[in-house]
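Top to bottom, those sequences are chains A, B, C and D.
The opening residue of the first sequence carries number 1 in the numbering used here; numbering runs sequentially from there.
The opening residue of the second sequence carries number 1 in the numbering used here; numbering runs sequentially from there.
The opening residue of the third sequence carries number 1 in the numbering used here; numbering runs sequentially from there.
The opening residue of the fourth sequence carries number 1 in the numbering used here; numbering runs sequentially from there.
Treat the hints as calculated values from the structure; they're not laboratory data.
The reader is advised that the hints may include incorrect statements.
Stated by the list, open to error - Derived CB-CB ranges, DEER-like:
{"#": "1", "chain 1": "A", "residue 1": "Pro-127", "chain 2": "D", "residue 2": "Glu-45", "range": "43 to 49 Å"}
{"#": "2", "chain 1": "D", "residue 1": "Lys-40", "chain 2": "C", "residue 2": "Asn-134", "range": "51 to 57 Å"}
{"#": "3", "chain 1": "C", "residue 1": "Leu-152", "chain 2": "A", "residue 2": "Lys-136", "range": "50 to 56 Å"}
{"#": "4", "chain 1": "D", "residue 1": "Ser-49", "chain 2": "B", "residue 2": "Ala-207", "range": "57 to 63 Å"}
{"#": "5", "chain 1": "B", "residue 1": "Pro-209", "chain 2": "D", "residue 2": "Gln-182", "range": "41 to 47 Å"}
{"#": "6", "chain 1": "A", "residue 1": "Pro-127", "chain 2": "C", "residue 2": "Leu-152", "range": "56 to 62 Å"}
{"#": "7", "chain 1": "B", "residue 1": "Arg-199", "chain 2": "A", "residue 2": "Arg-96", "range": "38 to 44 Å"}
{"#": "8", "chain 1": "D", "residue 1": "Lys-40", "chain 2": "A", "residue 2": "Ser-79", "range": "36 to 42 Å"}
What the hints assert, rightly or not - If you only want the chain B side, here are some residues facing chain C, beta carbon under 8 Å, derived:
{"#": "9", "residue": "Ala-13"}
{"#": "10", "residue": "Lys-123"}
{"#": "11", "residue": "Ser-231"}
{"#": "12", "residue": "Thr-234"}
{"#": "13", "residue": "Leu-237"}
{"#": "14", "residue": "Arg-240"}
{"#": "15", "residue": "Pro-241"}
{"#": "16", "residue": "Ala-242"}
No residue lacks a Cβ here, since even glycine has one placed at the ideal position from N, Cα and C.
Number of protein chains: 4
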Amino acid sequence: MSKLIAIVAGVGAGTGAAVARKFAATYPVVLLARNPDSFKSLAEEINSSGGKAFGISTDVSDSKSVQNAVNAIKKEFGSDVGAAAAIFNASGGFTRAPFLELPEEAFTQSLAVSATGGFLFSKATLPFLLQGVNQKSQHPPSLIFTGATASLKSSAQMSSFSTGKWALRALSQSLAKEFGPQGVHVSHAIIDGIIDIPRTREWMKEAGPDAKLSPDGIANDYWYLHTQPRSNFTWELDLRPAVEKW
Amino acid sequence: MSKLIAIVAGVGAGTGAAVARKFAATYPVVLLARNPDSFKSLAEEINSSGGKAFGISTDVSDSKSVQNAVNAIKKEFGSDVGAAAAIFNASGGFTRAPFLELPEEAFTQSLAVSATGGFLFSKATLPFLLQGVNQKSQHPPSLIFTGATASLKSSAQMSSFSTGKWALRALSQSLAKEFGPQGVHVSHAIIDGIIDIPRTREWMKEAGPDAKLSPDGIANDYWYLHTQPRSNFTWELDLRPAVEKW
Amino acid sequence: MSKLIAIVAGVGAGTGAAVARKFAATYPVVLLARNPDSFKSLAEEINSSGGKAFGISTDVSDSKSVQNAVNAIKKEFGSDVGAAAAIFNASGGFTRAPFLELPEEAFTQSLAVSATGGFLFSKATLPFLLQGVNQKSQHPPSLIFTGATASLKSSAQMSSFSTGKWALRALSQSLAKEFGPQGVHVSHAIIDGIIDIPRTREWMKEAGPDAKLSPDGIANDYWYLHTQPRSNFTWELDLRPAVEKW
Amino acid sequence: MSKLIAIVAGVGAGTGAAVARKFAATYPVVLLARNPDSFKSLAEEINSSGGKAFGISTDVSDSKSVQNAVNAIKKEFGSDVGAAAAIFNASGGFTRAPFLELPEEAFTQSLAVSATGGFLFSKATLPFLLQGVNQKSQHPPSLIFTGATASLKSSAQMSSFSTGKWALRALSQSLAKEFGPQGVHVSHAIIDGIIDIPRTREWMKEAGPDAKLSPDGIANDYWYLHTQPRSNFTWELDLRPAVEKW
């Protein structure tokens, strides 16, 4: 197994877990989530099936908590460990409400996770990714951000979610321009549709089995981005079910 | 003079002051800035030339400070006062730095002013603007946000500024969609170029007298947005000198 | 009255006629339309109310026809006449059809008017506009293009309309960048909504008197663009009724 | 080998040839180019190495020529043959010139190839692709368009190229929305950089071996798009070298 690691923030029932499983086939994976319940069974599953997973309870919006995670990674994997991939899949809570009824906390919490969290995660993982460049990783080390429909459109009554998502997209574009020339591949994926997870299992059933995005499909897409060579980097792609209206 | 007021946040040497002067020709203006030095002489100038200006020292990123401003406005103009315009011209500090050297504080301060500040200002002023709709203002009450080149592009080493600006643009789009049908005209202006203020006086001199954006010109543009009727609302326009490369 | 002229292509019952009336208050106006019936009564109206209008039957998609119009303009106003404004309001026919049933002619006709027509009109009018710069027009000479919702979004079954409109927007952006520094102000207006013309009079009545864009309002907006000084040019703005969903 | 075919328009020294080779590993490929010299040696290479290639001299901007190609395909592969992929890689000539010196022919030729050519190619290939859906192709049949930097930005003096490219992008978006629900995957790739072909071999050498886009890399990217399942379609991605400034 690779000496390089992959770091995934925001592992829950859906995309994050699928991405972690996919990258765990090649790299030891670090699983970050605020609540250990979010990564516990996933870590066990990966560890018991021949991979290596290391979960760290982390609040990505809190710089101390993120620094603790960095320290824990260095303690576990060595202080000169490099990363082949870092994937930011965390997101602030989704609130739809008339603007004048939107609590300040809903707005700032979304920014704290999507914008500040994206910033702190990038600050924490880019040194590992640059170390991956030094260590001549097989594929260019990748920093991938999960976006949404709301990364491009800001709908009525949804400003708390979209402001965080637009900020995160801006961050990813700036980082792509700065770190591409340094060998790190920064990408942003627009997930434009409902993801097929337990919570959405009953939704859109009448539209057929392909009407929701598959988390494993997203994981494949992220893996594909990871394998692109330095001559052909994608910053952004959109992903949606064939039947989605847009 | 109108019973309706105009509220301008971020009055300094440039755009904010020019906008305040322009709107003061028709409305009593409330001037918000953190430092009273930013609005003192402007308020005197307006008050001594037949207008009415009322400065309130306000930190737009702090909800208590913004609430104090709301209370002061009601005390000064009456608790049922309506607003014809609210203009958000505040901006977090501009930092250009390699990402890994960017202090967390620079990042969060930009978000605090541009994103949270935009949110708090909108929460505070929309009730006044909706009151302006009720009181049948001559022009549809306007909520105008000042954007920048960095509202559309996120350059290397400039993520702290652009994330705040993208977030603010997202906020303005969501509000335009929600409050347009309620009669409030929400706009976002992309200021794409250097503004001609004392600090930039010596810049680009060789490019001629029109190579920088005129604050008074921006004020005219904002006033024009304000006068558009309900049938013809502009959400976004860009503004740049004729000679600007883009 | 100004010695500089304004040239309007695509004058019919709606925007074009309103724009022509507006600019006719200041400039002699040249009215271009394929069918003289489109400009005849408008020209009479302007000429009989103190303005000057000169109609020329022109197919903007045909270079010979456009050259004839240029010759006619020079014959009427002098070979060194300058223009203060040129407004391209022509549009290919709007067809909504399943793609495989869309006749090739519908597709190429839309391109011929919107893209090739925009090109030929610009080629024909830019020399007049540059002459307007030389003759120190009061306002920077303006070249304004009328866009639509379909200039930004390309919906299913509407490719013939949107391809022409995207092409026209591209043309306008390129021209803005090339001719701004030469003193010509090139703009593109996104008309996002139904325009209130005789054909649409009965539409959306339940949504109130402001639910459709007013042609006179659009004319005001174009005039405003025309009056912007060289320090503050707008390339693009959107225009939509307050109640429009977007 | 698959009974389904792949059709590639615009095969020359670079992307088109690489794409044809890639898809020829799985599908018989039809090679379209105006000049048979563009596909002759490529067809021989594919045919002599175990694949099947069938070249047809075709002018994609001429509906009769495209219809001839359709007839030739049916004659060669059977009238009910389905397609797994159709790739439009043709482009009008690139001209950089001051607008007033740009020949009308340069402008209309770019539109004829990029816009009308894209339209005629789509009209011709979509029935084969829908037949591929009926015949339960392993991967959703794909219609892929090659875009460029100029698909998003329209620079000064480059209007002839960008208008065609913007029109093609509009076409691809409309088709993606209409044919996605019918099972055809329509994509658009923004090629943002110099492609490494014989003509550009000496360019940018000092920037290293990865400073130009690799045609084989683009072919891999197109193949990846082709293999995405119906739950996870990408309409658009950008592709650029790691060191590219953007």
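Self-check item: B:Ala-242 as chain C interface residue, shortest Cβ-Cβ below 8 Å
Solution: With a minimum Cβ separation of about 4 Å from chain C (threshold 8 Å), the hint on B:Ala-242 holds.
Does B:Ala-13 pass the interface check with chain C, least Cβ-Cβ distance below 8 Å?
violated (17 Å)
For this session: Could you say whether the range 43 to 49 Å given as a hint is met by the Cβ separation of A:Pro-127 and D:Glu-45?
Result: holds (46 Å)
query = Is the gap between the beta carbons of D:Lys-40 and A:Ser-79 within 36 to 42 Å?
reply = The hint (36 to 42 Å, Cβ to Cβ) is violated, given that D:Lys-40 and A:Ser-79 are roughly 59 Å apart.
*Taking the least C-beta to C-beta distance, is B:Arg-240 closer than 8 Å to chain C?*
OK, holds: B:Arg-240 within 8 Å of chain C, min 6 Å.
Review point. Are B:Arg-199 and A:Arg-96 spaced within 38 to 44 Å by their CB atoms?
Key: holds (42 Å)
**Prompt:** Regarding D:Ser-49 and B:Ala-207, is the given constraint of 57 to 63 Å on their beta-carbon distance met?
**Reply:** holds (59 Å)
Is the interface hint for B:Pro-241 satisfied, with its Cβ closer than 8 Å to some Cβ of chain C? holds (5 Å)
How about B:Lys-123: closest beta carbon in chain C under 8 Å, or not?
Since the shortest Cβ distance to chain C is 21 Å, the answer is violated.
(Q) Is the interface hint satisfied for B:Ser-231? The criterion is a beta-carbon contact with chain C at less than 8 Å. (A) At about 4 Å, which falls below the 8 Å cut-off, the nearest Cβ of chain C leaves the hint on B:Ser-231 intact, so it holds.
*Satisfaction of the hinted span 56 to 62 Å by the C-beta atoms belonging to A:Pro-127 and C:Leu-152*: Violated, at about 40 Å.
> Are B:Pro-209 and D:Gln-182 spaced within 41 to 47 Å by their CB atoms?
Replying inline: violated (58 Å)
Hint violations for this structure: numbers 3, 5, 6, 8, 9, 10, all remaining hints satisfied.
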